[in-house]
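Participant: Using the sequences provided together with the hints, build the complete structure.
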Amino acid sequence: MFTLPHLLRIAHPAAALRNDVQRRLETAAPTASLPVQVWADGEAATVHAALPGYTLEDIEVEVHERKLRLSGERKADDERTYVRRERFTGRFDQRVTLPFSVEANGAQAHLTNGVLEVRLPRLESDKPRKIAINGQNQ
Amino acid sequence: MTFTSIQTPAEQTHIRTFTPRADIVAIESGYQVEVELPGVSSENLSVELEQGVLSLRGQTSGTAGESGEKPRIKPIAYERSFRLSEAVEEERIQAELKNGLLTLTLPKAERALPRQIPVELN
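Those sequence lines, one after another, are chains X and U. Start counting the first sequence at 5; every next residue gets the next number (my numbering). Start counting the second sequence at 909; every next residue gets the next number (my numbering).
None of these hints come from the bench; they were simulated from the model. Given the structure is predicted, the values throughout are model-derived calculations rather than measurements. Just so you know, not all the hints are guaranteed correct.
Far from chain X, some chain U residues (derived; all Cβ distances over 10 Å) [unchecked claim]: (1) Ser954; (2) Gln1002; (3) Leu1021; (4) Gln1024; (5) Ile1025; (6) Glu1028; (7) Leu1029.
One-sided excerpt, in silico: chain X residues whose CB lies under 8 Å from chain U [stated by the list, open to error]: (8) Ala54; (9) Leu55; (10) Gly57; (11) Thr59; (12) Arg84; (13) Thr85; (14) Tyr86; (15) Val87; (16) Arg88; (17) Arg89; (18) Glu90; (19) Arg91; (20) Asn117; (21) Val119.
Using N, Cα and C, we set each Cβ at its ideal position, and we do this for glycine too.
Facilitator: This is the structure in structure tokens:
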């Protein structure tokens, strides 16, 4: 069963190209460009984001419960004459879901060699706790 | 700034290698190339020039992952080569690594730059 956009592609190749470009522009999100890795053990979560050439002033780190938000901007210098342009410019806004809630006060962030490392200790109340078998909860 | 070579070929085969993103900008005196090398420090970066080809190879250090501290992170490598035009004055190429960004400054040779010829009046 063909959907209408599919019919458009077949009937009008030019329209198909325009629709495709339009769709890509609309769905393209700056978050796609920020490579982020997350590790966790029982005690803490560690997040790495590659931000080469960025300084601390360019980056914002926010933490709330199980969400980490990395945002910032690298402005393009329109005065420059680019022979080749591959690096990402503009705003990035990446949200990362962590495996557990974290203690915002104990969070540490370092920027070293263009890698942002954020270490987030697990929220004490979110850690697993033993329940006494005789039925008394803590 | 000195660059040391990093790995023997045998060790290189175990490391994932990526092509880093680079911007090339024309400046008044030549070109500037900015290469993204996140996680690479200067002792793990080599920049070599041979027969007009500028090659770079950088490697992140990774971590062993002792429990309670950093997770185990595998090192990765970045490699890229640029063919330079003959107008580039090779002896004056400069390289600076800062915040994981390598900036290569490639000056054009004197004779390739536009110059004013003074006109004498008699």
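Participant: All the hints need checking, so say for each whether the structure fits it.
Facilitator: Results for each hint:
Once the 10 Å rule is applied to beta carbons, serine 954 (chain U) is consistent with being away from chain X; the minimum gap is 16 Å. No Cβ of chain X approaches the Cβ of glutamine 1002 (chain U) within 10 Å, the least distance being about 17 Å, so the stated non-interface status holds. Interface exclusion of leucine 1021 (chain U) from chain X stands, the closest Cβ pair being 16 Å apart, more than 10 Å. Consistency note on glutamine 1024 (chain U): stated as away from chain X, and its beta-carbon is indeed over 10 Å from all of that chain's, at 22 Å minimum.
Non-interface status of isoleucine 1025 (chain U) relative to chain X is upheld: no Cβ of that chain comes within 10 Å, the nearest being about 26 Å off. With a least CB separation of 35 Å from chain X, glutamate 1028 (chain U) remains clear of the 10 Å interface cut-off, as annotated. Every C-beta of chain X lies more than 10 Å from that of leucine 1029 (chain U), the closest at about 36 Å, which supports listing it as non-interface. Because the closest C-beta pair between alanine 54 (chain X) and chain U is about 4 Å apart, less than 8 Å, the hint holds.
A hinted interface residue such as leucine 55 (chain X) counts as satisfied when its beta carbon comes closer than 8 Å to some beta carbon of chain U; here the least separation is about 7 Å, so the hint holds. A cut of 8 Å between beta carbons decides the hint on glycine 57 (chain X): the least distance to chain U is about 4 Å, and the hint holds. Given hint, threonine 59 (chain X) at the interface with chain U, holds; its Cβ is 7 Å from that chain's nearest Cβ, closer than 8 Å. For the restraint placing arginine 84 (chain X) at the interface with chain U, the shortest Cβ-Cβ distance is roughly 5 Å, inside the 8 Å limit, so the hint holds.
Of the supplied interface hints, the one on threonine 85 (chain X) holds, with its beta-carbon coming within about 4 Å of a beta-carbon of chain U, less than 8 Å. Evaluation of the tyrosine 86 (chain X) hint against chain U yields a held restraint, the C-beta minimum of about 6 Å falling below 8 Å. Given the 8 Å rule on beta carbons, the hint for valine 87 (chain X) holds: about 4 Å separates it from the nearest Cβ of chain U. Taking 8 Å as the C-beta contact cut-off toward chain U, the hint placing arginine 88 (chain X) at the interface holds, the least distance being around 4 Å.
Nearest Cβ of chain U to the Cβ of arginine 89 (chain X): about 5 Å, under the 8 Å cut. The hint holds. Proximity of glutamate 90 (chain X) to chain U holds as hinted, the smallest CB-CB distance being about 4 Å (cut-off 8 Å). The beta carbon of arginine 91 (chain X) comes within 5 Å of a beta carbon in chain U, closer than 8 Å, and the hint placing it at the interface holds. Against a cut-off of 8 Å between C-beta atoms, the interface hint on asparagine 117 (chain X) holds, since the closest Cβ of chain U lies about 4 Å away.
Because the closest C-beta pair between valine 119 (chain X) and chain U is about 5 Å apart, less than 8 Å, the hint holds.
Consistency note: the structure conflicts with none of the earlier hints.
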